[in-house]
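Novice: From first to last, the protein sequence lines stand for chains A and B.
So the first sequence is numbered by this note's numbering: it starts at 1 and just counts up by one.
So the second sequence is numbered by this note's numbering: it starts at 1 and just counts up by one.
Derived from the structure by calculation, the hints contain no laboratory data.
Some clues are possibly wrong.
[Said to hold, decoys possible] Simulated pairs of lysine-lysine, DSS-like, Cα-Cα distance not exceeding 30 angstroms:
#  : chain 1 : residue 1 : chain 2 : residue 2
1  : A       : K9        : B       : K81
2  : A       : K57       : A       : K9
3  : B       : K57       : B       : K76
4  : B       : K68       : B       : K105
5  : A       : K14       : A       : K57
6  : B       : K81       : B       : K57
7  : A       : K14       : A       : K83
8  : B       : K81       : A       : K57
9  : B       : K68       : B       : K57
10 : B       : K105      : B       : K57
11 : A       : K9        : B       : K76
12 : A       : K83       : B       : K57
13 : B       : K76       : A       : K57
14 : A       : K83       : A       : K70
These numbers were taken from a predicted model, which means no experiment stands behind them.
Here are the chains, one letter per residue:
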Amino acid sequence: DGGITQSPKYLFRKEGQNVTLSCEQNLNHDAMYWYRQDPGQGLRLIYYSQIVNDFQKGDIAEGYSVSREKKESFPLTVTSAQKNPTAFYLCASSIQGFEEQYFGPGTRLTVT
Amino acid sequence: GQNIDQPTEMTATEGAIVQINCTYQTSGFNGLFWYQQHAGEAPTFLSYNVLDGLEEKGRFSSFLSRSKGYSYLLLKELQMKDSASYLCAVTSGGYQKVTFGTGTKLQVIP
Chain A
1 DGGITQSPKY LFRKEGQNVT LSCEQNLNHD AMYWYRQDPG QGLRLIYYSQ
51 IVNDFQKGDI AEGYSVSREK KESFPLTVTS AQKNPTAFYL CASSIQGFEE
101 QYFGPGTRLT VT
Chain B
1 GQNIDQPTEM TATEGAIVQI NCTYQTSGFN GLFWYQQHAG EAPTFLSYNV
51 LDGLEEKGRF SSFLSRSKGY SYLLLKELQM KDSASYLCAV TSGGYQKVTF
101 GTGTKLQVIP
């Protein structure tokens, strides 16, 4: 089955710790995206990548970092510099960026 | 910059028709998506409009006017399971950046 996976579904961390969220896809998509969603809010773009070894900042990249060493993987690190890290994080992929995005199930991160 | 506006909430009756509007201001517009998102779940794709006009897909239709920066999603024969948030998203620029609106929460009542 082709798809996009995120793990874990729920993640708890203490303030001041970095945490890495996993995103893997076996759809052979070139483009991958990370979004953040807060309660009652739409999706806000954190980072996106069109090809391996290349990525661009989205609208709210401060306090986050990414890597794209492999086509199928696009991990997101939430650093201690992110002031309000508690949120629902969604990863998505698309064939080349102009097409529909396929979303993973999301990771709900809680930082206390 | 980019700006996308949608109504925050709407309520409609089961079996009825509802229209959810989306207006946008962006440079380098490529196309407009509509996604459905049930509470606590990931968004799922509904439609993608690139050219002006209406595209119909079963009970759902989506309309785009590029000159007016306007789109709407039309849901017919509403069912209770249509209760969800509907997200409008615009792609723009050479790097196909995607910007989402804040979404419209639709409640379908009996």
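Novice: Assess, step by step, whether the Cα of K105/B is no farther than 30 angstroms from the Cα of K57/B, and give holds or violated.
Specialist: 21 angstroms, holds
Novice: Tell me if the straight-line CA distance from K68/B to K57/B falls inside 30 angstroms.
Specialist: Between K68/B and K57/B the Cα gap is close to 23 angstroms, so the pair holds against 30 angstroms.
Novice: Would the pair K76/B and K57/A pass a check requiring their Cα atoms to be no farther apart than 30 angstroms?
Specialist: Violated. K76/B to K57/A sits at ~38 angstroms, over the 30 angstroms cutoff.
Novice: Assess, step by step, whether the Cα of K9/A is no farther than 30 angstroms from the Cα of K81/B, and give holds or violated.
Specialist: 24 angstroms, holds
Novice: Can you confirm whether the C-alpha distance between K9/A and K76/B stays at or below 30 angstroms?
Specialist: Violated, because 34 angstroms separates the two Cα atoms, which is more than 30 angstroms.
Novice: Below or equal to 30 angstroms on CA atoms is what counts here, so check K81/B against K57/B.
Specialist: Judged against 30 angstroms, a Cα distance of about 17 angstroms means the pair holds.
Novice: For the pair supplied as a hint, K14/A and K83/A, confirm whether the alpha-carbon distance does not exceed 30 angstroms.
Specialist: Satisfied, since the Cα-Cα distance of roughly 13 angstroms is no more than 30 angstroms.
Novice: Taking 30 angstroms as the top limit, are the C-alpha atoms of K81/B and K57/A close enough?
Specialist: 36 angstroms, violated
Novice: Can the restraint linking K83/A and K57/B be considered satisfied, given a maximum Cα separation of 30 angstroms?
Specialist: Outside the cut-off at roughly 42 angstroms; violated.
Novice: Is K57/A close enough to K9/A, meaning Cα to Cα at most 30 angstroms?
Specialist: 24 angstroms, holds
Novice: For K57/B and K76/B, compute the direct alpha-carbon distance and say whether it is at most 30 angstroms.
Specialist: 11 angstroms, holds
Novice: For the pair we were handed, K14/A and K57/A, check the Cα-Cα distance against 30 angstroms.
Specialist: Holds. K14/A to K57/A sits at ~26 angstroms (cutoff 30 angstroms).
Against the hints set out earlier in the document, violations occur for numbers 8, 11, 12 and 13.
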